[in-house]
Amino acid sequence: MNTVLALIVTVGLVVVTTAVGAIWRARTGRVRSAHREILSPARLGENVAFGANATIVQFSTEFCGPCRTAQRLLRASAAGRDGVRYVEVDLTGSPRLATEFAVMQTPTILLLDAEGGVRSRIGGVPRPHELNERLDEIVKESHVGIR
Amino acid sequence: MSAFGDDISTGSVHGETPGPARSDGSGRSRGIDPRGPRFGAGITAFLLLVTVFLGLAGLTVAATVLLAALALLFLWGATAGVTRHPWGIVFARAVRPRLSPPTELEDSTPPTFAQGVGFVITALGVGLQLAGVPGAAVIGAALAFVAAFLNAVFGYCLGCQTYLLLVRAGILRRARTGA
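Protein sequences appear in the order of chains A and B.
146 is the number that numbering that gives the first Met the number 0 gives the last residue of the first sequence; the numbers go up by one with no jumps.
178 is the number that numbering that gives the first Met the number 0 gives the last residue of the second sequence; the numbers go up by one with no jumps.
Think of the hints as simulated: they come from the structure by calculation, not from any bench.
Each hint should be verified, as a subset may be incorrect.
[Unchecked claim] For the chain B half of the interface with chain A, some residues (derived, Cβ under 8 Å), not all of them:
1) Val152
2) Phe153
3) Gln160
Glycine included, C-beta positions come from ideal geometry on N, C-alpha and C.
Looking at chain A on its own, in the form it has when it is part of the complex:
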């Protein structure tokens, strides 16, 4: 390959990689609605308890930097709301759950309603505004259900 062609291919590699990164960034952390499969706390591990109004479940691994960022964000969101509990599941100890919940990236986050129904799913570090908006909706619905 001559030098000019080599340079073009090299620049092409940078362009394609940049496009892949831009697509990833546009999609990551979005809150998506999920079908309302009902989960029981025991399915996620021993000593797991759900919140009275909503539960945030985060699937992580030990070797996941963004999981720590998500953890801080989600803990703060749960702490600022009544009856919302944050549950972190380390998949390293239970790979079975990774398969069951089709976790293809970490962090993967599920938002559960008061009954443990999966209402939303987030791949990557959540966008705080979208997350909090959705969480408030779920909490509000659970109050309506009680009355």
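On the provided structure of chain A, position chain B as indicated by the hints.
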């Protein structure tokens, strides 16, 4: 595991001297500036891109030598930890003092694991090239470039995904419960 080794040495031996311990690599317990690994990934990505160009331009020996050097740097980062990696030291000495303090600290374990992933990819490229597989160095360098560039520019963590895939494949569970 090296991560546990780090913890024991820095935690028990240097635990009472928080100041210097922080800058010489007790990342796991104290946390590191997350911009450090991304700065290093940027330098590595540039050098990997140079490797790709050299390989494509027909300078196979130069490309293989450069890739071998980068593989050794990855090995250094994976075994000694990212804070003891040359780019980590450059960041700590020359770059970080010019930046505002980090808003949050990060565990050094994930980026150290990512260095291991980088080592495997680049070492395979060098090994296969030396074994006579044409284009192996260029392909290895290109794959590692994609990972390093995405990490540097977008903060994407390929090591995290690799680790998850290994967990799903059932490889790492046994290793961990055995330890």
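Unsatisfied constraints (hint numbers, rising): Result: no hint breaks.
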